Structures are given as C-alpha cells and as structure tokens.
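**Student:** As a plain string of letters, each chain reads:
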Amino acid sequence: MQNKKKKRLVMRISILAVLLAAVSYTIYSSVVGEERNLVKAGDQAPDFELTDLNGDVHRLSDYEGKGVFLNFWGTWCKPCEKEMPYMENQYQKFADQGVEIIAVNVGESQYKVSNFANKYNLTFPVVRDEHKDVMDAYSIGPLPTTLLISPEGEVTQVITGEMSEEMIASYMESIKPES
Amino acid sequence: MAQLASISSTLLYTAFVLYLIATVFFAGSIKSKKHTNQIGKNRWATIGITITIIGFAAQLGYFITRWIAAGHAPLSNLFEFITFFAMMLVLSFIIIYFMYRLHILGVFALPIALLIIAYSSMFPRDVSPLIPALQSDWLFIHVSTVAAGEAILAISFVAGLIYLLKDVDLTKGGKQVFWLEAVLIGLMLVVGFIVSSISFSIAGAGAEFSYVNPEDQQVTAEYAMPALVVPNEGELLTEGAFATSLEMPAIVNAARLNTVIWSLLFGAGIYLLIRLITRKKLAGILQPLVRKANPDLLDEIGYRSVLIGFPVFTLGGLIFAMIWAQIAWTRFWGWDPKEVWALITFLFYAAFLHLRLSRGWEGNRSAWLAVIGFVIIMFNLVAVNLIIAGLHSYA
Amino acid sequence: MNELVCKCGHVNKEGSELCLQCGRTLTEQAEQRKTSDVMRYEGMARRSQTYKRSVIDRIWNFFSSVKVGVWLIVITLVASAIGTIFPQELFIPRNIDPAAYYEDRYGLAGKIYYVLGFHNLYGSWWYMLLIAAIGTSIIIASLDRGVPLYKALKNQRVERHGSFLKRQRIYSEYVTDRPVEKLEEIGAGLEKKKYKIRKENNHLLAEKGRFSRWGPYVNHTGLIIFLIGAMLRFVPGMYVDEQLWIREGETLNIPGTDQQYFLENKGFTLETYNEGQDSDVFDATLQRVGPVAKNFQTDAVLYKREEGDIAGSANREMEPLFEQPIQVNIPLKFDGFALYQTDYIENEFHTMSFTLENKETEESFGQFTVDLFNPEQDGLYDLGNGYQVEMMGLYPDFSGFEDGEPQSASPLPNNPAFLFKMITPDKPDGEVAFIGIQQNLEPLGENEYALSFSGLETRDVSGLTVRKDLTLWILALGGAIFMIGVVQGAYWNHRRVWLKAGEDGKLYVAGHTNKNWFGLKKDLSASFEGTDLAIPEDHQELKDSKGTAKEEQERGTTGQHQ
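Chains as they are written, first to last, in the numbering used here: chain A, 1 to 179; chain B, 1001 to 1395; chain C, 2001 to 2562.
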C-alpha cells in the first residue's frame, strides 16, 4: 500500500512538473518576444559578400583575424548620418591596429550612397545591400544597427541606435586583435 | 440575371407568408381539445408542418436562385447571412419536429424565424459582388456550417423558453419572472426596430449629415430615421428633415445610435400598449399556450439540440473558420472580435455541457443556460457586426 | 486505507458508491444522492476525492474538479469578452502611441482599459495562464475520471442486486407466469436494436453505444494536442511571420528563408467591379457603395539560390522555380512557406522626366529621365549640343530644409525633390534650381533656364506576408481528434437495459442511459412489442406529472394531463 501511494505521488509530481515547465517556457518566450530572432552576442557572424562603391568585393570571412565593426545604415537616417564622421575619425586610428569598418547601406542607389560617402570623405568600405538579403541574414530591424565582430568571427555585441564617438572608440578597442 | 434576382426575392416573400400561416396552424394544434399531450399526430399540426416544409422549399428556392443570379453563395452580407440563419432554424425545427412530434415547438420556433427574416430585410438587400477576401469555396462551407450550428443551438433556446414559461411561477414574482419578461421584451425591441424602420421608410423620414469622424475626416452619414441625436460636428444636408441639436462624440456612430433609440421607443411603446390592453405581462399572455407542455420532453429537446448543434457550430465556427482564415488572412487565428465571440460561444456551450453532464444541471437551470447561449449567439450575429468593427463587418 | 466490503463480499476501494460486483449502494451518502449523479461514473471512486494529504494532492484535487474547470471556462469567457470592448493594440494604427490613442479616442474608459493592460489582453501572461489552467484541468480531470470509468465499464457484471435495479430511472416489476421466456423475448428484441446481449443465471444485460462514453476523453485529448501545437509556436524556427514589400520589376530576398529564396514581382493588378462589365445584379450595390475591389494580384516568379552561395553575393546563381499569380485566397506555397497577398501601394513614383527650357524664349533643349531608384551614377544627364544637367541632390521624401540643406525623411519616393545644375553654352558654370512637387526655387539667384516637369512613370508596390507555420499539422490533428471525440460523445448514447427473472417469479426491468432518454424508451417500446407487457415506467416523468397535478389543483384548474 505504502509503495502504491508513493508511486501515485511521484506520478502526480511528474505530471504537474511537466505542465509547469511547458507553461513557464511558453509565457517566458511570449514575454521575451521578438528579440529571439535577432543575431545576438555569442553567435557566429553570418558570412556575406558585397560590392563597395569602387566595385571591389568584400567578403566578411576574408577579414578573419581582424575585428570588424559592421554598421547598417541609410542616407535618410539622421542618427546614421551623425555617427558617420565619428566612425571615420576612429577608423583612421584603428585601421592600423587590425580593426575594419564595413558600412552596409540598405537598398539605396549607387548615386545616393556615393554622394553621401563623398560628402563625408569616407575612407572605409561602404557596400550596398541591394536585395536586402544581408540585412535579412542579420535580421536587422531599425537603423542604425552596429555589430561588433571579433577576429574569430564571433558577434560580441549588437548595438541598436546612435553611438557617440567615445562609444565607437571603446567598441573598436574591444574587438582589436591581440598581438 | 436581374429577373432571376427578382424571382428570388418573391420566393423569400412567399416563404415568409407560408411560415406565418404555418404558425397559425400550429397554434390551432395546441388548442385542440383532443390533444392534451401536444405530441403525436394531429390534423392541425400535420397541415402546419406541411406548410412549413413548403415554405422551407420556397426559401431554398430563394437561396438557389439568388446563388445562380449572383454567381456566388448568397452568404456575403448581413441580409443574406441572417436570412440563411432563419432558413436553418426552420430546417432544424422540421428535423426536431419529426424526431419528437412536439407541436408547441412550432408555435414558438416559427415566429422567431419570422422575426429574424423580417429583421434581416432591414439591411441592404442588393446582390453584392464579392470582395477578394470572400472569393473562395470556403465562403459557403464556413458560413453555412456556422449558420446551421447556431440555428440548431437556437432550437434549444426555443425549448428552454417554453420550458421557462411553463416552469416559472409568474404569481410569485422574483428574479426569474423579471428576467423571463426581459427576454420577451428583448424580442419586442426587435419588433420595435422593424416597425420603426418600415414606418419611417414609408414616411420618407431619412436624412443625410456631413460630420467629422474620429480620424478627423469630413464624411457623410445616412439616417434612416428622424435624427434624435446628431453626429460629431454634424451638419444637416437634407432640406426640411427633422434634427435635434444633441451632438454625439466622434467615436459614437450616431446614425446607428439614433436607430437604436427609435427601436427602443417603438419597442417600449408596443410593449406598454400590450400591457395596457391585456393587463398582463408578456409571459402571462404566453403562459396559457404552454400549460399542457411536457417539461421533461422540452428539457430533453433543449439538451439534445445543444448536443447536435455544438459539434456543428465548432466545426463551422472554429475549425472551418480557422482553415479559411489561414488561407485568406495568413493566420488561422487573429483575435478579431468575431473570432473571439465564436470562441466565447464555444466556451459557453462547453460550460453548459459540463454543468449538465458532470454537475447535473437539468430542467430550469439548463433552460436558462440555453436562453443565455442564444443571447450570446445573437450578440455575435448582430452586435459584433454593427458595434465592434473588425474583419467581419461586411454589411 | 479504508475499504468498503459489500454485502456480496466484494471489496471496493474507498470512495466507491456502488459495489463493482453487484451494484448495491455502499454508503449512506450514496443512498441519498440522485441516481443520475451516482451513475455518472458508474459509482466508482474518483481517486482525487479520496486522498487529501500533501500539497501535491491538493493541487491535483483542485484541477480535478469539474466545478473549478467550469469556473476557469467562465473566467476565460468573460476575459475574452472584455478584450473586444475596445480594439486590441494590434488593430489600432501603428504610428500612434497606444497610451495616447486609447485616451484620446475613448476618454477615461479608454485610459483605464490601457492602464489595466486590456489593450493586449490575449497576449498577456494572465490570459495565457488561464488557458494553461484550463489545459491542466482538462488533463487531470480526464485522468481522474477516465481511468476508473474505463475499469468499471470493462469489469461490468451482468448480475445486479435488486436495489441497483430499483434505483434506476426506468424501472418496472412485472408479475408474469413465464419470466425467463419474457426475458429471452425482450432480449431478442433488444438484440435487433443492435444491443450487445450478455446473459448469466437468469440475468440479462443489454448494452449499446458504450464507446460514446469515451467521447469526452477523446475530445479532451484533441484539445491538449491543439494546445501543445499552440505552445510550439513559441519554439524558434516553428513560425515565421514577415512582411515583404516588393515593387513591380524588383527581385528581392524573401525574409525568413535564410536567404534561400527570392521573389520577382512581374506586375501587380488591382481590379474593381464595373457597371456594364460585370453582372447587372451588382449595379444597385455599386451605385450605393461606390467601387468594390474585385482582385488583388501579384504575378510572381520564385527563385532559389544555389546551395553554398553566401548572402549578398552579386554573382550568385538563382534558379527560377516557378511562376504563379498570388491572389487573396490563393497564396504561393513553397518549402513550408506561403506568400500571401495582403497589402499594396498603388502608383508609387518610379521615374520622373524633365525638359530644359529657356525661360524667355520657351525654347526646349531636350528631355531627360531620372530613375528615382537608380539614377545615373554620376548624376549627369547629357542633352547634347553642350546642354547638360547635373543632379546635385535627390531627396525622395523631401521634408523641408535644415541649415539650408534639403532633407529626406525616408528612402521612399513619397515627395521627390531634386537639386539640379543646368549647364548650357551661355552659362558654362551652370545655374542651380531646386525642384520639388509644387515647389521651384532658385537658391542662387534668378536663372535664365528652367527645368519643367514633363513626365512621370509610376508602379505599384505589392505587400506580401511571408508565413511559415510548422505547428499547423499538430493543430489540425488536435482539431480532428477533438471533432471525432465531440461527435462520438454527442451523437451516440450509452444505453443499458438490465433484466432479471427473479426467483419470486417476477420479471424486473431497469434501463439507464447517459443521455437521450427518449431514444432509450423508443428502443424499449420496440423490443417490448408483442410481449404483452407495458414498457417500463419512467420515474422522473411520473414525479413531474405528479408535481404538475398538484400545482394545477392548487390553482384550481382541472388536471387535464395524460
């Protein structure tokens, strides 16, 4: 009898535990919501290949061993415009230290993008994602969004929104290869 | 095709008249001295059911001819849907009648079907073309199953109402008497709506207003009845039409509120007139009709129609609905108000069945639940379309 | 544990109401309860009611109660209804702050609605918790009742004690000279009505439709499967919901497909019904409500990217798979995905043409066309004979000047504006003109030349919803099982008739059904035909008619019943 009672208790506990786990998971995921889809810190950065304004092809995997500061932007986006000169300044400092900037324009014409690049004298590669598939690969929502990619190709941080020059400097510092 | 459409309208009118005549015969059948139990064979009832079947055939004719004329199942607006619902109600009644041969059911089911048809004809009756979202075979599959399910469930309301008229002791007063009368007054308000609509349309008392809607756009509103309330910043466009200066806020659909107020006034007027003349409550007037009714059989019929109707409703209102929603709206469920109210109807009848099956709610309680269920169905049918805007507002 | 030993010697579990062996009532309490209540679970002990010791048992018992279950249903029902009072957040315009929207539109009531979180009621944690509680209740209540019920019906005995028979709603005793023969006769009649007959020592049990008793458990299983399907929606990868805006002529990556699939929009069509063209029965409606949409259609070509290509690659190979018009109600389906026609923007600006003119002589020096999405890379438009226009700036969604510079609010050509430099033989340094819709400025002084707007090409943008839902088949399975269970439980009835040819020479007949007593009585009257016995009495009806008779006497009306 005692044995039977024990068995019953174990059975009840396990059923209730399974139910509780399932419900908690569901409610947790629904509260956390969309963010789960985004490429996030710790993920391997999806590879891509885009052409810059001079017609040179840039492939992310070619930059292995370098830190990559991957910035998604648009010409109409004010915060993007504001942080461009800061990025250019910092690029001058960090380019020799093994940190590369790739600025991915999302879906605009060569004319608009090169006008913009000329206006700010950008020296880092500015590439165009015409079919928006790199944007999709990184599940980019609002612009600007910046991803910091370590020399090993791992995303170390995702920054949504505008950055100050100090922030940019410290971010670039953080992905500097050790040498 | 226009000619076919007009034949179709005539058939519907014929059906209406036939149901009316059949009601008279069913009323005669329960008066008959020989039939104390109100079931079994009876000449009056036989004539009554025969006329009902002919009426149903006429309405089926309306449905088929309109289908041919329109090129699509005539279930795409409120008029068509409510008419079809009434047709299914009559069909359910015919089926239940042949199962139980209970004459008193006809005395209540047919007038309710009549009321519903009259109500439906207050909406625009034109054959309307199908918008892209409705261009699917699922229109017929989904809508007809929902209507059939709701109609069978409505039979449980009819049985429940008769049960309560028999069961509730009017001499003692109390909550049950109050609510029973309230249900009957509710039916009276529908009559008020129909009478007021017809009278004002004959008198040509409509008007047009230009007003500002919640999106701050200047639009026009059509009034079918003299304006007791005026829309937000409304300006009367029809010369010589009656209008008060009682202005409503933008979110209130003043034209509809105006119709509701008139329906209430007419309904209340008719109700008071009846009470003054007969010196009885509505329930009191109807009670002699049901004196000989067998409560056990009514309870059985009420429960049985829920048992038959619940799966049909679930199939049409939830399962078929979800399949079509997945095809047309990309998702099987989107918390559209109509969907939510279908879920509420489902939950309500699920609760009904649990209370009955597991907690032994029979007789009086079960009859009340059937009445509440019908109120929910009517709310979903009418109010959700007219008050709460959503994807289903096609009328 | 207390056991209940019946008079017949059978040992029953604690909580039992009827003896499993002979059907005798076991306790005083059970004696008092209504037969229909006792018979519901065959008088078996519902285990949940027997142990109330630990916390776990208490939780278990809480969810096992039908009363609790019904309350959960009612609370969910009321909550769902509240959610329809005002539109949910997902139905209100997206560009407005919800807090302001509810208050502005619905006043204080709207504000309260928003503050209480009812604007997102169906996604709220407490609504989900309610659904989860219903799910839990379904599982536990079904386990608690289904298992003992199954055991009781499986071990059913033919022989039942007289007291069990006497308790039934349909019950009669007959004094007859040949009880055993009559028993056989009625049994044969019931067999014709498709009852299964079992006989033991002058006892007979006729039974039909037992499987209808499993209906509730089957439909509950279906519901649980459905709820599991709904839960799996939250597992990453099971569900994709994306929007794809695609212009006529564009080829774009289909979001959510891991850059595997691309779509080309070859053209978008919007048709409306027309008087004269479409059936004349629609005329009245068209006159009353104005234009009615007839068709939204995107002629689409689906492409698949070659395996191993990486995102963005310009020289990737795309293999066209098939071409299909996407219409409302006819989605394009591939590889678990479906593309639905859900939205459109008509006549978006695509190219704009300008003519260069001398203001005074109105002489024209040629025309050029700017593709708003792909202008000349260097912005130069050569008109020949030394006339040239240089586009210095393009502002697709012009929103005003900031520090003297034209601004664009978005990359969409909602309000295009241009900054042009007109280079002509007499003005080799060029004249600058700013041209926008209903706006022409000459920022650097009066010009001799002007650009006039001379042409516009537009195209439509199709809005497609990209959807993948791997939970659909689970939901469909759950729904199907639910329907089977509901129909099984609702459209069939479990009917039983017990017959006993007593040693006292009497024939005892008792009948029970879980529902539809009318049907049981019909079966009985068919099988009693030719036995010269009246069909057994329905004691509930007798009780009722006695009640009615009493009532009518009190009121002074004559008892006309039966």
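Since the hints were derived computationally from the structure, they do not count as laboratory data. You may find that some hints are simply not true.
Unchecked claim - Now the stretches of chain B that chain C is said to cover, found in silico as 3 or more residues with beta-carbon under 8 Å:
# : stretch
1 : 1101-1113
2 : 1190-1200
3 : 1203-1209
4 : 1231-1238
To be verified - Here are the simulated DSS-like cross-link-like pairs (lysine-lysine), alpha carbons at most 30 Å apart as the crow flies:
#  : chain 1 : residue 1 : chain 2 : residue 2
5  : A       : Lys5      : C       : Lys2506
6  : C       : Lys2468   : B       : Lys1338
7  : C       : Lys2034   : B       : Lys1172
8  : B       : Lys1031   : C       : Lys2266
9  : C       : Lys2521   : A       : Lys7
10 : B       : Lys1292   : C       : Lys2521
11 : C       : Lys2506   : C       : Lys2196
12 : C       : Lys2192   : B       : Lys1041
13 : A       : Lys82     : A       : Lys119
14 : C       : Lys2359   : C       : Lys2333
15 : C       : Lys2034   : C       : Lys2154
16 : A       : Lys132    : C       : Lys2266
17 : C       : Lys2333   : A       : Lys4
18 : A       : Lys6      : C       : Lys2192
19 : B       : Lys1166   : C       : Lys2522
20 : A       : Lys132    : A       : Lys119
21 : A       : Lys40     : A       : Lys6
22 : A       : Lys5      : A       : Lys132
23 : A       : Lys132    : C       : Lys2304
24 : C       : Lys2013   : A       : Lys7
Claimed, not checked - Label-pair ranges, simulated between beta-carbon atoms:
#  : chain 1 : residue 1 : chain 2 : residue 2 : range
25 : B       : Arg1291   : C       : Ala2534   : 36 to 44 Å
26 : C       : Ser2353   : B       : Ser1210   : 50 to 58 Å
27 : C       : Asp2241   : B       : Ile1095   : 37 to 45 Å
28 : B       : Lys1041   : C       : Asn2295   : 39 to 47 Å
A quick note: this is a predicted structure, and the numbers were derived from the prediction, not measured. Virtual Cβ for every residue (Gly too), placed ideally from N, Cα, C.
**Student:** Now, for every hint given, state plainly whether the structure supports it.
**Tutor:** Hint-by-hint comparison with the structure:
1. 1101-1113: violated (count 0)
2. 1190-1200: violated (count 0)
3. 1203-1209: n = 0 at 8 Å, threshold three: violated.
4. 1231-1238: With 0 residues in contact (Cβ-Cβ under 8 Å with chain C), the coverage given for the stretch 1231-1238 of chain B is violated.
5. A:Lys5 to C:Lys2506: violated (46 Å)
6. C:Lys2468 to B:Lys1338: Given that 30 Å is the threshold and the Cα spacing comes to 24 Å, the pair holds.
7. C:Lys2034 to B:Lys1172: holds (28 Å)
8. B:Lys1031 to C:Lys2266: This hinted pair is violated, its Cα atoms lying about 73 Å apart.
9. C:Lys2521 to A:Lys7: violated (45 Å)
10. B:Lys1292 to C:Lys2521: holds (21 Å)
11. C:Lys2506 to C:Lys2196: holds (23 Å)
12. C:Lys2192 to B:Lys1041: Holds, because 27 Å separates the two Cα atoms, which is no more than 30 Å.
13. A:Lys82 to A:Lys119: With Cα atoms ~13 Å apart, Lys82 of chain A and Lys119 of chain A stay inside 30 Å; holds.
14. C:Lys2359 to C:Lys2333: violated (57 Å)
15. C:Lys2034 to C:Lys2154: holds (24 Å)
16. A:Lys132 to C:Lys2266: Holds: Lys132 of chain A and Lys2266 of chain C sit about 19 Å apart, inside 30 Å.
17. C:Lys2333 to A:Lys4: Between Lys2333 of chain C and Lys4 of chain A the Cα gap is close to 54 Å, so the pair fails against 30 Å, i.e. violated.
18. A:Lys6 to C:Lys2192: Answer violated: Lys6 of chain A to Lys2192 of chain C is near 49 Å, above 30 Å.
19. B:Lys1166 to C:Lys2522: holds (25 Å)
20. A:Lys132 to A:Lys119: Distance of about 24 Å is within 30 Å: holds.
21. A:Lys40 to A:Lys6: violated (46 Å)
22. A:Lys5 to A:Lys132: violated (62 Å)
23. A:Lys132 to C:Lys2304: holds (15 Å)
24. C:Lys2013 to A:Lys7: Measuring from Cα to Cα gives roughly 17 Å; hence the hint holds.
25. B:Arg1291 to C:Ala2534: 36 to 44 Å: Hint violated: Cβ distance 27 Å, outside 36 to 44 Å.
26. C:Ser2353 to B:Ser1210: 50 to 58 Å: For Ser2353 of chain C and Ser1210 of chain B the Cβ distance comes to about 40 Å; the hint is violated.
27. C:Asp2241 to B:Ile1095: 37 to 45 Å: Check passed, 43 Å falls within 37 to 45 Å.
28. B:Lys1041 to C:Asn2295: 39 to 47 Å: Violated: the Cβ-Cβ distance is about 56 Å, outside 39 to 47 Å.
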